[in-house]
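**Q** Line by line, the protein sequences give chains A and U. Heads up: the first sequence begins at 1 in our numbering, then just goes up one per residue. Heads up: the second sequence begins at 1001 in our numbering, then just goes up one per residue.
Among the clues, some could well be false.
[Claimed, not checked] Residues from chain A that face chain U, not an exhaustive set, calculated with beta carbons under 7 Å:
| id | residue |
| --- | --- |
| 1 | A42 |
| 2 | L46 |
| 3 | G82 |
| 4 | G84 |
| 5 | A86 |
| 6 | A87 |
| 7 | N100 |
| 8 | F104 |
[What the hints assert, rightly or not] Pairs of lysine to aspartate or glutamate, EDC-like flavour, derived with a Cα cap of 20 Å:
| id | chain 1 | residue 1 | chain 2 | residue 2 |
| --- | --- | --- | --- | --- |
| 9 | U | K1058 | U | E1002 |
| 10 | U | K1071 | U | D1027 |
| 11 | U | K1068 | U | D1095 |
| 12 | A | K38 | A | D53 |
| 13 | U | K1057 | A | E101 |
| 14 | U | K1037 | A | E101 |
| 15 | A | K96 | U | D1084 |
| 16 | U | K1042 | A | E101 |
| 17 | A | K52 | U | D1027 |
| 18 | U | K1097 | A | E57 |
| 19 | U | K1097 | A | E101 |
| 20 | U | K1037 | A | D51 |
| 21 | A | K38 | A | D62 |
| 22 | A | K38 | U | D1049 |
| 23 | U | K1058 | A | E101 |
| 24 | A | K96 | U | E1005 |
| 25 | U | K1057 | A | D59 |
| 26 | U | K1058 | A | E57 |
| 27 | A | K44 | U | E1039 |
| 28 | U | K1068 | U | D1084 |
| 29 | A | K44 | U | D1095 |
| 30 | A | K17 | A | D53 |
It is worth saying that the hints were derived from the structure and are not from the lab. C-beta atoms are modelled at their ideal positions from N, C-alpha and C, and glycine is treated no differently.
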Amino acid sequence: DAMVIQNPRYQVTQFGKPVTLSCSQTLNHNVMYWYQQKSSQAPKLLFHYYDKDFNNEADTPDNFQSRRPNTSFCFLDIRSPGLGDAAMYLCATSSKAGGNEQFFGPGTRLTVL
Amino acid sequence: GENVEQHPSTLSVQEGDSAVIKCTYSDSASNYFPWYKQELGKGPQLIIDIRSNVGEKKDQRIAVTLNKTAKHFSLHITETQPEDSAVYFCAAFNDYKLSFGAGTTVTVRA
């Protein structure tokens, strides 16, 4: 089945230790998104890629970076995680030609010790 | 930017009854309105959506209505079942971005 896959599902890191979360998709969608979702809140968009074009939200901290080496993969790098970065990180994809439906992966739960 | 308000924040219904969740949006340029269901520890799952050129859409026990003039849209779930218990998010799409409501926690009592 075509899908959005996120690895790992659970990630524990130490305060200040860089961490990378990964997302892959078999949908061949040209748009990929990263969201942060804290407990009992709605997902908050961090940035997105339209093909290779990177688009950062104005309020996304510099601590968060992203890479998209090819259509299928996208990575979220947190350079120096703080306690406030503990959250669920969601990857989503969409196709501009497909009517803007966004399909989410299962998420990575990040814990910062 | 777009602002989406969602009510109620919590909803408890008896199994078999209907559940209704309402959302309003602020930007008349928004043209696509999806609803997501999120179960504990999982990613949001698209359950139904509606575009701005349609007033109502139904898929089995789920229906969505859209009033563009009033800028509000609603999710209706009929004959609720325990597996409908989850958090539901409405969203409005504008340009490249989905703006989400704050979510409604639905509990279906057996």
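**Q** State for each hint whether it applies.
**A** Going down the list of hints, with the structure as the test:
1. With 7 Å as the threshold, the beta carbon of A42(A) comes within range of chain U, its nearest partner Cβ sitting at about 4 Å, so the hint holds.
2. With a cut of 7 Å, the hint placing L46(A) at the interface with chain U is violated, because the nearest CB-to-CB distance is about 12 Å.
3. Nearest Cβ of chain U to the Cβ of G82(A): about 23 Å, over the 7 Å cut. The hint is violated.
4. A hinted interface residue such as G84(A) counts as satisfied when its beta carbon comes closer than 7 Å to some beta carbon of chain U; here the least separation is about 20 Å, so the hint is violated.
5. This hint is violated: A86(A) has a C-beta 15 Å from the nearest C-beta of chain U, more than the 7 Å allowed.
6. A hinted interface residue such as A87(A) counts as satisfied when its beta carbon comes closer than 7 Å to some beta carbon of chain U; here the least separation is about 13 Å, so the hint is violated.
7. With a cut of 7 Å, the hint placing N100(A) at the interface with chain U holds, because the nearest CB-to-CB distance is about 5 Å.
8. The interface hint given for F104(A) holds, since its Cβ lies 4 Å from the closest Cβ of chain U, which is under the 7 Å cut-off.
9. At most 20 Å may separate the alpha-carbon atoms for a hinted pair to count; K1058(U) and E1002(U) exceed this at roughly 26 Å.
10. Straight-line distance between C-alpha atoms of K1071(U) and D1027(U) comes to about 8 Å, which keeps the hinted pair within the 20 Å bound.
11. For the proposed pair K1068(U) and D1095(U), the alpha carbon gap of about 17 Å is at most 20 Å, so the pair holds.
12. With a CA separation close to 27 Å, the supplied pair K38(A) and D53(A) exceeds the 20 Å bound.
13. At most 20 Å may separate the alpha-carbon atoms for a hinted pair to count; K1057(U) and E101(A) meet this at roughly 16 Å.
14. Between K1037(U) and E101(A), the direct Cα distance comes to roughly 14 Å. Compliance with the 20 Å bound is thereby established for this hinted pair.
15. Straight-line distance between C-alpha atoms of K96(A) and D1084(U) comes to about 30 Å, which puts the hinted pair past the 20 Å bound.
16. Taken as a hint, the K1042(U) and E101(A) pair is honoured in the structure, with Cα atoms around 18 Å apart against an allowance of 20 Å.
17. Among the hinted pairs, K52(A) with D1027(U) is inconsistent with the structure: their alpha-carbon atoms are about 28 Å apart, more than 20 Å.
18. Distance restraint check for K1097(U) and E57(A): the Cα-Cα separation of roughly 10 Å lies within the 20 Å cut-off, and the hinted pair is therefore satisfied.
19. Annotation: proposed proximity of K1097(U) to E101(A) holds, straight-line Cα distance about 11 Å (limit 20 Å).
20. Distance restraint check for K1037(U) and D51(A): the Cα-Cα separation of roughly 27 Å exceeds the 20 Å cut-off, and the hinted pair is therefore not satisfied.
21. Distance hint between K38(A) and D62(A) is fulfilled; the C-alpha atoms sit about 18 Å from each other, no more than 20 Å.
22. Simply put, K38(A) and D1049(U) have alpha-carbon atoms about 24 Å apart, too far for the 20 Å limit, and the pair is violated.
23. Distance check on the hinted pair: K1058(U) and E101(A) sit about 17 Å apart at the alpha-carbon level, within 20 Å; holds.
24. Restraint check: the Cα-Cα separation between K96(A) and E1005(U) comes to about 26 Å, which exceeds 20 Å; the hinted pair is violated.
25. With a C-alpha separation of about 35 Å, the suggested pairing of K1057(U) with D59(A) is violated against the 20 Å cut-off.
26. Between K1058(U) and E57(A) the alpha-carbon distance is near 34 Å, which puts this suggested pair outside the 20 Å criterion.
27. Taking the CA atoms of K44(A) and E1039(U), the gap is near 17 Å; set against the 20 Å cutoff, the hint holds.
28. Between K1068(U) and D1084(U) the alpha-carbon distance is near 27 Å, which puts this suggested pair outside the 20 Å criterion.
29. Our distance criterion of 20 Å between C-alpha atoms is met by K44(A) and D1095(U), whose separation comes to about 16 Å.
30. A distance of roughly 28 Å separates the Cα atoms of K17(A) and D53(A); the hinted pair therefore is violated under the 20 Å criterion.
In the structure shown, a violation is registered for the earlier hints numbered 2, 3, 4, 5, 6, 9, 12, 15, 17, 20, 22, 24, 25, 26, 28 and 30, in ascending order.
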